[in-house]
Amino acid sequence: MEEVLGAQPDEPFDINEELDKLPVEIRLRAIDRLKVARLRHRKGLFTKILLIIALLGPGILVMVADNDAGGVITYAQTGSIFGLGFFIPLMVLMVPTAYLVQSMTVRLAAVTRRGHAEMIWKRYGAFWGAFSLGDLVIANSLTLVTEFIGITFGMSIFGVGPYRAVFIGIAFISTVMLTLRYHKWERASLLIAFFNMIFIPLVFFAHPDWSLVAKSFLTWHINGGISTLFIYVLLANIGTTIAPWMLFFQQSSEVDKGTVPEDIGAGKRDTFVGAVIMATVAICIIVLTGTLVFSTGHVGSTTSTTSYDIAFILSTISKKIGTVPVELFALGLIDAGIIAAIALTASTSWAVGEAFNWPKSINLPFLEGRKFYIPGIISMFVAAGIVLLPNVPLGFLNITVQVIASIFMPAALLFLLLLVNDKEVMGKRVNTKWENAAIITIMVVLVTMSSLYGLSLVFPHMF
Amino acid sequence: MASDENDFGFIKNKKDWDNFLKKEKLKDYSKIPVKRAHVNGWVKFAFVFLRIYIVIMLALIVLGFLNII
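Residue numbers (numbering that gives the first Met the number 0), protein chains in the order written: chain F, 0 to 462; chain D, 0 to 68.
A hint or two may mislead.
Covered by chain F, per the in silico footprint, the following chain D stretches (three or more residues, Cβ under 8 angstroms) [claimed, not checked]:
1) 9 to 15
2) 18 to 29
3) 33 to 43
4) 47 to 60
Source of the hints: derived by calculation from the structure; they are not laboratory data. Remember, it's a predicted structure, so these values are computed and weren't measured experimentally. Glycine included, every Cβ here is placed at the ideal spot set by N, Cα and C.
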């Protein structure tokens, strides 16, 4: 019956006519997916490599964007204060942790074809939807402030003033978001993310003692022992590695990319590669400053990370190995700020669009999708404006970001757990018992850590 | 015209195209409603715990910020 009613194989068929019938954002996604399907139909090693590359994207982007300007500074301070020891194997441990949490968003996106904010809002109601959206938008906007701090500081190394630095940052990030549609936006962002790996060759300038690095995996040695400062730095590192916005960003990005259940394996690989890059970059920064700056400090005599601000760290590096590594570090810091700002801006736009059922795709041209783009762009302008305000309490803002994230973290993880176990939504693709055991363990550790971290920021003497 | 690279030879007819759209889930999901979840059992307990956690954290953080300021 279907054959009688359906089109005959020899009936004239024009794929472009069919594409033109689709709404613009779905049409562009369909073209991207047609290219992926074409690669799947072809044979040969080169085609397979192209297919693997085509399916990379959100996983690498979310992980690299997590090594943002604030993250880079945290890792640099960690190495400076604690040297080569405990924090190096800890970063390796963060690979499976970040991978397990983030890979669940791939599955959610592939099965539901909806973003995290939309699923929370529609499955669990307006209260939790508004709570999640409010937290996310505030945290994203304030985190953007820290990204612009990183960008302006990095550019100051090259003699660029703050106003010009902020203008360059805004112009670059807006151009990427407003002029590129999803596929090109993703490729451009991946290219920017690639430069985040500048920290990997940088470590070789320091000529670190690799035997000490290897030994740290055996001993997990804590220079100076467990102290208040150690707990604070530990919490900061964990808070830096896994943040609530990452869940929202990756799920929305996978939806916009067009990820379907067939791509779940590729999406997981993408996430794993991203997690490995994230940890490698973090370890390289810790090893760099652990080799060059740690020896100049005395861990026992410092009680806060403020003794090791980024200006002190860079001047120490400059004294020891010259200005070129410092300039490379500054480039890395600028890049970290830009890639994170691109991700945070998109994350805000996607989440607002999902919550209010507005158009929500980077495939939309600006005029057609202005409702989608405006929240992200506004948050960027507000953040950039705050950085330029005289006497703005940047330290206070940074604390607020971390505190909001610590309140938001349990809710974000709980909704992730609920959604990936929701049979009505996920069908047979719900979590296995092992996956649930792993995510619940991670949840307990992260919730405890992020709560303690949030509280330690406002009660500095609690430990 | 939507694509310059129209050599998608594996889509020969309307039926292939419809199958492709279905397999790739290429439709407007904003027009498809999502059913509200039934919150009961341990999920209800988790939500109560979450509300208590948020209230306690907010109270402690407000106190902390008052100390800082």
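Hint compliance check: list the failing hint numbers for this structure, sorted ascending.
Every hint satisfied by this model.
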